[in-house]
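Student: Sequence:
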Amino acid sequence: MATVPRKHFYWMGTLVLALLLSGIPFCIEAVIAVAILFAFPELKGSFEPSFAMIVVGTLALLIVNWIPAIVLLHRHQAKGGGPMPIGKKGLSGYVDVPGRF
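One gets our numbering by counting positions in the sequence shown from 1 and adding 1417 to each.
Derived by calculation from the structure, the hints in this document are not laboratory data.
By construction, the Cβ of each residue, glycine as well, lies at the ideal position given by its N, Cα and C atoms.
One should not assume that every hint holds.
Unchecked claim - Between beta-carbon pairs, the in silico distance windows are:
id	residue 1	residue 2	range
1	V1433	W1483	16 to 26 Å
2	A1477	A1456	15 to 25 Å
3	V1473	K1496	27 to 37 Å
4	A1456	A1495	43 to 53 Å
5	I1484	V1433	18 to 28 Å
6	I1487	A1452	27 to 37 Å
7	L1476	A1456	19 to 29 Å
Taking the hints into account, I'd like the entire structure generated from these sequences.
Tutor: If you want it as structure tokens, here you go:
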């Protein structure tokens, strides 16, 4: 098995973290992951996702996307409730999608 330069792991880890934090759907992430494996064929045998990594990635996406939406909903309910307007002002702009500030 060929050794993989450490910078490739840092680059790939940064990309995966950025994708998880941005909330890109899994289908697009899978396409990007396959593209990475084609770009760096030496990574094929050295990086195999386990069930635990898939669970952690799913939980990270849920937290990133839904916790802010739940916080906004609680703030709205604390102010008296009512229908939640689309485009409600968030922390740093208008919120169109749950979890996006």
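Student: Between V1473 and K1496, does the beta-carbon spacing fit 27 to 37 Å?
Tutor: holds, 35 Å
Student: Between the beta carbons of A1456 and A1495, is the distance compatible with 43 to 53 Å?
Tutor: holds, 49 Å
Student: Hint says 27 to 37 Å; check whether the CB-CB distance for I1487 and A1452 agrees.
Tutor: Check passed, 34 Å falls within 27 to 37 Å.
Student: Does the Cβ pair L1476, A1456 satisfy 19 to 29 Å?
Tutor: holds, 28 Å
Student: Indicate whether the distance between the beta carbons of I1484 and V1433 respects the range 18 to 28 Å.
Tutor: holds, 20 Å
Student: Determine whether the Cβ-Cβ distance between A1477 and A1456 falls within the hinted range of 15 to 25 Å.
Tutor: holds, 24 Å
Student: Could you see if the CB distance from V1433 to W1483 stays within 16 to 26 Å?
Tutor: holds, 20 Å
When the structure is compared with the earlier hints, no violation turns up for any of them.
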